[in-house]
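Residue numbers (this note's numbering), protein chains in the order written: chain H, 1 to 239; chain L, 1 to 287.
Careful, some of the hints might be misleading.
[Unchecked claim] Within a straight-line C-alpha distance of at most 27 Å, the following computed BS3-like cross-link-like pairs (lysine-lysine) qualify: (1) LYS140(H) to LYS226(H); (2) LYS274(L) to LYS236(L); (3) LYS217(L) to LYS238(H); (4) LYS67(H) to LYS84(H); (5) LYS164(H) to LYS88(H); (6) LYS166(L) to LYS237(H); (7) LYS88(H) to LYS183(L); (8) LYS81(L) to LYS236(L); (9) LYS248(L) to LYS98(L); (10) LYS217(L) to LYS101(L); (11) LYS166(L) to LYS88(H); (12) LYS183(L) to LYS67(H); (13) LYS202(H) to LYS164(H); (14) LYS81(L) to LYS238(H); (15) LYS140(H) to LYS237(H); (16) LYS236(L) to LYS98(L); (17) LYS166(L) to LYS84(H); (18) LYS103(H) to LYS84(H); (19) LYS183(L) to LYS108(L); (20) LYS121(H) to LYS166(L); (21) LYS84(H) to LYS183(L); (22) LYS226(H) to LYS67(H).
[Said to hold, decoys possible] Cβ-to-Cβ under 7 Å is the rule here; a few derived chain L residues that face chain H: (23) GLN66; (24) VAL70; (25) TYR161; (26) THR194; (27) TYR196; (28) ASN207.
[As the list claims (entries may be wrong)] Simulated restraints on C-beta separations: (29) SER56(H) to SER46(L): 32 to 40 Å; (30) LYS248(L) to GLN112(H): 53 to 61 Å; (31) PRO20(L) to ASP235(H): 48 to 56 Å; (32) LYS226(H) to LYS81(L): 41 to 49 Å; (33) GLU141(L) to PRO193(H): 53 to 61 Å; (34) ALA191(H) to ALA229(L): 55 to 63 Å; (35) VAL284(L) to HIS233(H): 38 to 46 Å.
Quick caveat, the hints were computed from the structure, so don't treat them as lab data. Small disclaimer: the values here were computed from a predicted structure and weren't measured. From the three backbone atoms N, C-alpha and C, an ideal C-beta is built for every residue, glycine too.
What follows is each chain in one-letter form.
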Amino acid sequence: MTIIVPSGTGNVYAGSGTIQHPSWSPYDENGGTCVAVSGNDYCVVASSNRLSTGFSILTRDESKIIKMSHKCVIATANCQADRKTLQKTLQTRHIMYMHNHGKPMSVAAMAQLVSNTLYYKRFFPYYTYNLVCGLDEEGKGAVYTYDPVGSYERTGYSCEGTGKDLIQPVLDNQLKASSPLVLPAENWMTALPMDDAVDLVKDAFVSAGERDIYTGDVVELLIITKDGVRTEHLDLKKD
Amino acid sequence: MLARPPSHSPALGPGCAGPPLAEASSVSIQYPAQPTAQVPTCGAASFLVDHNAVNAPGRDPSQHTQMPYVTGSSVLALTFKDGVMLASDTLGSYGSTKRYKSFERIRKVNDRTVLGASGELSDFQYIMNLLDELTTDDFCEDDGGMLSPREIWSYLCRVLYNRRNKQDPLWNSLVIGGIEHGKPFLGTVGMIGTHYTDDHIATGFGNMLARPLFREKHSPDMSEADAEALIHEALKVCYYRDKQSINKFQLAKITEAGVSVSEPFALPTRWDYKHFENPSANAVGTW
Numbered sequence: 001m002t003i004i005v006p007s008g009t010g011n012v013y014a015g016s017g018t019i020q021h022p023s024w025s026p027y028d029e030n031g032g033t034c035v036a037v038s039g040n041d042y043c044v045v046a047s048s049n050r051l052s053t054g055f056s057i058l059t060r061d062e063s064k065i066i067k068m069s070h071k072c073v074i075a076t077a078n079c080q081a082d083r084k085t086l087q088k089t090l091q092t093r094h095i096m097y098m099h100n101h102g103k104p105m106s107v108a109a110m111a112q113l114v115s116n117t118l119y120y121k122r123f124f125p126y127y128t129y130n131l132v133c134g135l136d137e138e139g140k141g142a143v144y145t146y147d148p149v150g151s152y153e154r155t156g157y158s159c160e161g162t163g164k165d166l167i168q169p170v171l172d173n174q175l176k177a178s179s180p181l182v183l184p185a186e187n188w189m190t191a192l193p194m195d196d197a198v199d200l201v202k203d204a205f206v207s208a209g210e211r212d213i214y215t216g217d218v219v220e221l222l223i224i225t226k227d228g229v230r231t232e233h234l235d236l237k238k239d
Numbered sequence: 001m002l003a004r005p006p007s008h009s010p011a012l013g014p015g016c017a018g019p020p021l022a023e024a025s026s027v028s029i030q031y032p033a034q035p036t037a038q039v040p041t042c043g044a045a046s047f048l049v050d051h052n053a054v055n056a057p058g059r060d061p062s063q064h065t066q067m068p069y070v071t072g073s074s075v076l077a078l079t080f081k082d083g084v085m086l087a088s089d090t091l092g093s094y095g096s097t098k099r100y101k102s103f104e105r106i107r108k109v110n111d112r113t114v115l116g117a118s119g120e121l122s123d124f125q126y127i128m129n130l131l132d133e134l135t136t137d138d139f140c141e142d143d144g145g146m147l148s149p150r151e152i153w154s155y156l157c158r159v160l161y162n163r164r165n166k167q168d169p170l171w172n173s174l175v176i177g178g179i180e181h182g183k184p185f186l187g188t189v190g191m192i193g194t195h196y197t198d199d200h201i202a203t204g205f206g207n208m209l210a211r212p213l214f215r216e217k218h219s220p221d222m223s224e225a226d227a228e229a230l231i232h233e234a235l236k237v238c239y240y241r242d243k244q245s246i247n248k249f250q251l252a253k254i255t256e257a258g259v260s261v262s263e264p265f266a267l268p269t270r271w272d273y274k275h276f277e278n279p280s281a282n283a284v285g286t287w
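For reference, chain L alone in the conformation it holds in the complex (with noise of 0.2 Å):
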């Protein structure tokens, strides 16, 4: 196997990277923060970091992160008689700008297992990195087995709470679904490391806007046809509703039979309700 700089140090915990030990040696004290060796996960030309140089006086300190830049909006999801739907839209904002419009929220991880995230996407990717590893060591086993979906959940859960203990949250509310034993599994887990599985889960503005929905019209035993009639009806009213989105969307199904990611697609919208032409004869005092 190809070394690589291990993304999960004893000492700091999971989804840190660092030292192996907590305590400093007599050695490290003695000689303390020698350049030490990178080895890119590419296959790039390996090169050395001089902490030195990186903590010298007058130089800013490195910062954790504050306020999440490029965002993702809601993602839906939620279990049908045979599997999970998860389905989300494409968007990267830059604060109100449409910054990236195909950026794909929904991964697969595994052979049964699928991530949405919505907040920072960058956060996102680097918890991908993450997942890959650890799909990559299951590979490398060569014995057929692999992480469940609710494994990986508890992984993240585990992540996200020990990055947050490190004042240094990803910011992230991520969404795991997979079928596991023949039964559906869906959960989630916010960047403080708040966590639960339901039968249906929206994050963000999703919460608001397409959860009750699923609480009208959703049970675990729904065919597949109409959960993703439910759910293209969610993903709709999240568009009508909510500024940071866009009608270009993904939807992801898991069943026994394996994981698909759809490629993206557009609802059709009606924008000539009574409602729309006229939003204040109903909110009296607005303009």
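Only chain H is shown next, with the shape it has when bound in the complex (with noise of 0.2 Å):
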């Protein structure tokens, strides 16, 4: 999705009947790919930790993950500005979820919330692709995939930012998943043991330093299961 924002010069405003040459956007490209992988019984994410902006690194270690609960995570591509403040909003609402309720909530939950919490900024979108991850009520992987003004669905593995050209082709390829063009709809849940998803998650990111600019410099890679979420890290090259 295309987000048209005023840049450059000579814009007309219509009904203005003046001619303003905004030089600035709201809008930032700060790069980055996030990859989700679920399974039966776990859910893997992975993002890399680089900050660009146009040709220039910024820092070489920021994560655009937030863990919302011990069940449930947000990947968050594009726009730091924004995503930081999404990611803010949503974990205080959070919160105030499990003061209300008494426990955190489910990953449905959660993904419904994303959606309204985009929506609710359809005119003056965060410039955000979101991924909702986590183990649903039955305990089995899940990955919700948005785009900016909040649509989304689930799915059983999902890329994006940067490196989504490159890597989500490749987990068409790997993951096998059934096209959900056919009928009747068969299971898009990929049967990779965690391992191998964990493994192929790892090669995918490898691939994506070596020609994407955007992506590089560390992966982090969050695996859920119903012991909790383990962190690991994956050194990319630094060019």
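Work from the hints to combine the two standalone chains into their complex.
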């Protein structure tokens, strides 16, 4: 999805009668890639920790993943200012939810909350691509994938961010997802064992780091099982 | 306490002066835009502003910042064993004109925090006013408490992000350095609210010129003398290669002992390097 923002010069705003030259954009593309793969009893979430703007690297170690509970995390790519605001808002609402209900949100509830939070800013969107990941009520892996204005669906695996074009086809190929067009619907959950899924995600990031200038430095992997969330780090090239 | 116009409207968010309520009450609809009393913080006599006159038809609408006017160049900063160091030159450029040559772009916020700014300098002065209000409030509490560097950084992140949301950005890249629980803190925030912490930070051209040096030579446990030598070297490189800079710098240090912002100083420079004498020799195709 492309968001059209005023940029460059010579934009004529209808009705204003004057020509304005806005020379700044409220959005920035800060790059980075997020990947999530879910299996029968696990969910692997990974993101690169590089923060860039244009051709410059701002910092090499900034996590894109926020841990909401021991069963749910959110990974967010693109505009960093919006990501931080969105994640802060979601965390606040999650804490309020826990005070009110005495338990953490289910992944499905969090998925709906993220959608509503994004759609609330439909006409000045958070320019973020989100993945809500975790274990559902039955203990199965869940990945919800979004566009910046809050449309979402549950999938077996997903990829967002600057490395999407490189990684998503590999996931499609390796995880052999049945097409959503096949009827009756087939199970889209990957049958891959967890360790293989972790290796696949690591391989995907190493490959993306080779060709995508915005993916590099460090990959943070969160592996969600019924025992909780385990974190791993994988070093990528710093070039 | 003296009455003062609120800089933080609950309706409009941090960094925006305005009404306390987002919703128009029936009273404000019935009696719109009465002249309001303004109480200058400087102590000058209060006066009335007539909104009908300000918003009179035919008058140009108020405009948001489209372009910066007086700007500052890079701010460099790094952590060292017992604190944080910030440095910048003292130039305020008006386009390509060296307009203000003694503009202090690094200021003390409180006894453990320093703020450095590049970008639009009037916006920086406005931001300092906001921080001074907070510091004054802390002082009036008279309990010795003050905002930590991280709190000031978080606050400025929200101010800049809120103003970007209003399509009226504060055109700055800010660097916040300080010490917190005995540990150095170094953070930055840009005009659209992009923010991060790191062991070394440089805004603007400094991100291209100084940070490669920092990445090569910086370590978090380096001594103060080493850190100062490194930042001097980086300042010099920025001065050699950044047109919008002058050889007049300020260096701030924040340690457990407190905050010090140096008097302006110059660095020794050399312009008789071989590569400077004939710059096109190694760049075939230029003149």
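Okay, the hints, checked on the actual structure:
1. LYS140(H) to LYS226(H): holds, 9 Å
2. LYS274(L) to LYS236(L): Answer holds: LYS274(L) to LYS236(L) is near 17 Å, not above 27 Å.
3. LYS217(L) to LYS238(H): Distance ~16 Å between LYS217(L) and LYS238(H) Cα, so the pair holds.
4. LYS67(H) to LYS84(H): Holds - the C-alpha atoms of LYS84(H) and LYS67(H) are around 13 Å apart, at most 27 Å.
5. LYS164(H) to LYS88(H): Since the Cα atoms of LYS164(H) and LYS88(H) sit roughly 25 Å apart, the hinted pair holds (cutoff 27 Å).
6. LYS166(L) to LYS237(H): The given pair, whose Cα atoms are some 39 Å apart, is violated under the 27 Å limit.
7. LYS88(H) to LYS183(L): Holds, because 25 Å separates the two Cα atoms, which is no more than 27 Å.
8. LYS81(L) to LYS236(L): holds, 23 Å
9. LYS248(L) to LYS98(L): holds, 12 Å
10. LYS217(L) to LYS101(L): Violated, at roughly 30 Å.
11. LYS166(L) to LYS88(H): holds, 19 Å
12. LYS183(L) to LYS67(H): holds, 25 Å
13. LYS202(H) to LYS164(H): Satisfied, since the Cα-Cα distance of roughly 14 Å is no more than 27 Å.
14. LYS81(L) to LYS238(H): Holds, at roughly 25 Å.
15. LYS140(H) to LYS237(H): Given that 27 Å is the threshold and the Cα spacing comes to 34 Å, the pair is violated.
16. LYS236(L) to LYS98(L): holds, 18 Å
17. LYS166(L) to LYS84(H): holds, 18 Å
18. LYS103(H) to LYS84(H): holds, 24 Å
19. LYS183(L) to LYS108(L): Satisfied, since the Cα-Cα distance of roughly 18 Å is no more than 27 Å.
20. LYS121(H) to LYS166(L): The hint holds at about 13 Å.
21. LYS84(H) to LYS183(L): holds, 24 Å
22. LYS226(H) to LYS67(H): With a Cα-Cα distance of about 15 Å, the restraint between LYS226(H) and LYS67(H) holds, given a limit of 27 Å.
23. GLN66: holds, 6 Å
24. VAL70: violated, 16 Å
25. TYR161: holds, 6 Å
26. THR194: holds, 5 Å
27. TYR196: holds, 5 Å
28. ASN207: holds, 5 Å
29. SER56(H) to SER46(L): 32 to 40 Å: violated, 48 Å
30. LYS248(L) to GLN112(H): 53 to 61 Å: holds, 57 Å
31. PRO20(L) to ASP235(H): 48 to 56 Å: Since PRO20(L) and ASP235(H) have Cβ atoms about 51 Å apart, the given range 48 to 56 Å holds.
32. LYS226(H) to LYS81(L): 41 to 49 Å: holds, 44 Å
33. GLU141(L) to PRO193(H): 53 to 61 Å: For GLU141(L) and PRO193(H) the Cβ distance comes to about 59 Å; the hint holds.
34. ALA191(H) to ALA229(L): 55 to 63 Å: For ALA229(L) against ALA191(H), whose Cβ atoms are near 59 Å apart, the range 55 to 63 Å holds.
35. VAL284(L) to HIS233(H): 38 to 46 Å: For HIS233(H) against VAL284(L), whose Cβ atoms are near 44 Å apart, the range 38 to 46 Å holds.
Checked against the numbered hints listed earlier, the structure breaks hints 6, 10, 15, 24 and 29; every other hint is satisfied.
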